[in-house]
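Top to bottom, those sequences are chains A and B. Counting from 1 along the first sequence, just add 1 to a position and that's the residue number in the numbering used here. Counting from 1 along the second sequence, just add 785 to a position and that's the residue number in the numbering used here.
By construction, these hints were calculated from the structure, which means they are not laboratory data. One should not assume that every hint holds.
As the list claims (entries may be wrong) - Using 20 Å as the maximum straight-line C-alpha spacing, the simulated SDA-like pairs for lysine to any residue come out as follows:
id: 1; chain 1: B; residue 1: Lys1295; chain 2: B; residue 2: Pro1130
id: 2; chain 1: B; residue 1: Lys1360; chain 2: B; residue 2: Lys1299
id: 3; chain 1: B; residue 1: Lys890; chain 2: A; residue 2: Thr44
id: 4; chain 1: B; residue 1: Lys1396; chain 2: A; residue 2: Pro47
id: 5; chain 1: B; residue 1: Lys1299; chain 2: B; residue 2: Glu1430
id: 6; chain 1: B; residue 1: Lys890; chain 2: A; residue 2: Ala250
id: 7; chain 1: B; residue 1: Lys1299; chain 2: A; residue 2: Gly31
id: 8; chain 1: B; residue 1: Lys1396; chain 2: A; residue 2: Arg54
id: 9; chain 1: B; residue 1: Lys890; chain 2: A; residue 2: Pro47
id: 10; chain 1: B; residue 1: Lys1365; chain 2: A; residue 2: Leu58
id: 11; chain 1: B; residue 1: Lys1365; chain 2: A; residue 2: Thr44
id: 12; chain 1: B; residue 1: Lys1299; chain 2: A; residue 2: Arg32
id: 13; chain 1: B; residue 1: Lys1396; chain 2: A; residue 2: Ala36
Unchecked claim - Examples of chain A residues lying across from chain B (beta carbon under 8 Å, computed):
id: 14; residue: Ser38
id: 15; residue: Asn190
id: 16; residue: Pro230
id: 17; residue: Gly241
For clarity, every value in this text was computed on a predicted model and none was experimentally measured. Built from N, CA and C at the ideal position, the CB exists for glycine as well.
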Amino acid sequence: MNKILLTSLCLLTTLPLTSVRANTEDASGGRDPHAHSNGFTLTSGPYSMPAPRQLVLADEHHFGSVIVDRLEYQPDNEFSEYELNAWYGTTWNRLLLSSEGEVEDGEFSSETDLLWQHALTAFWDTRLGIRLDQASEGENQQWLAAGISGLAPWWIESSAMLYLNDNGQLAFTLSGEHELLFTQRLLLNSQLELSGYGKDDQQQAQAAGLAQVRAGIRLRYDLSRHFGPYAGIDWKYSLGENADYLRQAGEPTDNAEFVVGLHFWF
Amino acid sequence: MKAKSQASIIHSSVSRRRFVQGLAAGGVLSAMPNWLYARSLQAAGHGTAPVISGTEIDLVVEETLVNFTGNVRKATAINGSIPAPTLRLREGDTVTIRVTNRLSKSTSIHWHGILLDYRMDGVPGISFDGIPPGETFTYQFTLRQSGTYWYHSHSGMQELTGMYGALIVEPRAQHHAMTQDQSMAHDHGMNHNAMNHSSMMSHAQHSMPAYQRDYVVQLSDWSDEHPMSVLAMLKSHSDMYNYNHPTVPEFTADARQQGLAAAWHKRVMWNEMRMSPTDLADTSAAVMTYLLNGTTPAGNWTGLFKRGDTVKLRFINSAGNTFYDVRIPGQTLTVVAADGQPVKPVEVHEFRFGPGETYDVLVTPNEDACTLFAQTMDRSGYAAGTLATAAGMSAALPENDPVEWLSMEDMMGSMDHSAMDHAAMDHSTMKHDMAGMSGMNGMDHSAMDHAGMNHDMTAMSGMNGMDHSAMNHDMAGMSGMNGMDHSKMNHEAMNHANMGHATPPKPLAKPSSKVSHARSEYGASVDMRVDTPRTNLDDPGVGLRNLTGRGLRPAGHKVLTLADLRSANGVLSDKRVPAKEIELHLTGNMERYSWSLDGLEFGNSTPVAMKHNQRIRVILHNDTMMTHPMHLHGMWSDLESADGELLVRRHTIPVQPAQRISFLTTPEDLGRWAWHCHLMFHMDMGMFREVVVYE
């Protein structure tokens, strides 16, 4: 199991490197897009203006966005949780900050990915970077992170990530998210996330295999395209020895919670 | 007017209706010093641009405050006016136009559709350095053409913030009649007594029908948000402004009407491709207010006429990002010019045009008031005004049409195999290659018109080398093809004896039909490639198809298509067979909001080199599901049919989804020129090329 995961991680890590020019130079045998340039460039050839090139359009600009996917509260547990994604960069290369965290009894814990996201194909990106886990109990962990994300058919926002820490532990998460529109503003957001580990690590309460399945449905009303409150159910189910660890700690292993929250971005 | 507009600021929350309709008295707020109007014939009222004529013109670009929606915003005005002053120039004149920049950033003016020295074309970074703040640039050029054109900033997003105006070049022969009454084009409830033009413009010496009134109808779009922030929103959420997404209730309604399977199949392909069938425009009334002569629909711009008058309307689409479908309900429109150049008069009831295009239209209203109605292609809003015999009159305002989904033709191109050039047909490449289509299992055959799929091979005597063995339709689920009508396939008449290999004597007499994608189209910048494009020009486009059949227009309602346009005699002077053919694909990735040509954005591109005075064919092949108005600076685009027949002279050619279209051009002026999609957000994202005309 671990070897397979490790190989996959290595493969994923090399993907972005080999695909750096995938969007401009693909050896698919098509027509040469520069065939009619006569050797001229934007800064050389007859009537060209002296370099540096003055005309720089938005394809070379940097854009950015902060998207708070979930800022939510579980009234029954007095438990708060957030998920945010912020990016900055061009169409093809972006710096991505992806963070999930929770506050319970005043204790804060979070998982934060800092990633280079590179456009690989029309709908898929590679991701490479680091993850920092800040734990409320136990020790903080640092991971190398690599994976792919994108839009799968049927408009499913998907990602598959692998993480490697200095204990040689591998972790993985697979996630998908879909929005079903009842009106132009009322929608049902569905999320599914699977996560697990490559090997046992008792100290960190991690066991090899699928550790947790998490599913959520949230009914959201977008007051504007930027801002929408929602209510829904978030369900977490832990499996195998990972569930045992939770039981020992007195944590629930199968719980569905009512949540209310806000989705907004700018 | 100032007091009125200020009063409206008090309403801090803008009602939805006001946002769509706009303020009745919306427009430029700040009064400009009088000296600026020294060359103007009258000060700007709302919806009426001042007219400037002569050969020495001063234009001042300055920031101004406007209020179109109830919110005061900054805009960019020329001589204090939005739209900018209408320039009435004369063919053959050498004009000197001094443009002073009073903005805090660089500006420019491009004379859209005018042939001139490239250094006067006004594209910063290509033709000149731009006009820095505080400086004056002197444009000077000789007008070698006449007709309706326009001018606008080519710097950043200034055009979308108000920097656009009409440019009319009067033919030298009839100039005398025109100058006797220059007030006609800007008369708006101010100058009624001067409106008697019955003696003017009897175009006896020209073949053009006579008219008594002459109005510029300049359509544009205004956003209270800065256009750059609109672009940033699209970059993050490209469907941000689309309020026509498919919904569950629509699905259940379809299921009830058409059956569950049909309703399902209608949606499968879109979902598998991750394309939206309602992706008709990137912006909508959610962010735009639509203007006619700088006036909101509530402001009701009015052009006056006397009963029996024929009115010439010079429609100019100066919008940043909006295609308009224009009609005057109950009236017949005679199109007499396209992009400034005369066409053989064609009678229609409606036409679609995109940013950059212009149409001159004659109408003889048979009612005392009729509505100029220009709904947006995405049906989220409209610009409107009135033609009336007296100020204050109005006619019924039509409803916007329901949104029509993009069709299979828009996605896949030609479904009609009878229109294909079988001689050149290489079936081995015939696969519907779309980046995200795993197997097209759910292809919607319910909408596929098999009746029209006429494999009539009686005329296929020239079939050479037709290899069906490699025909890869890659349609795993094509079980629904049972209904294909092969009965008309007359195999007896297929004369195999004549299947010779005669090479046409002129290889470039017709545009090549062999699709050739650039290798740079196989990357992340392109979400779809069309391998079987449609080449017909008689499609009015999504939303305008079968209007009568859908009960939206009366019987006989005629919508203009490119196939209806024929240049007037003498316009298309260069009859040479092209010496060179350039194929360029219009490409994009809607999800990433990236737009390009051949999959390369401007920053990654190299110029297209054109030899001076050579006759050159350009094939524009649209690998996207949007219509792109492609504007080539500095030379004409002479549109041709798929058979190579020259049709009409344009400067901006709208290319429909999955369409392959071609034009011929003769670059008569040396230098560097811009060539781009005139949807500003597409242009700015990189759907832009430089052209070098070299000796």
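Among the hints numbered above, which are violated by the structure, and what are their numbers in rising order? 1, 2, 3, 6, 8, 9, 10, 11, 15, 16 and 17
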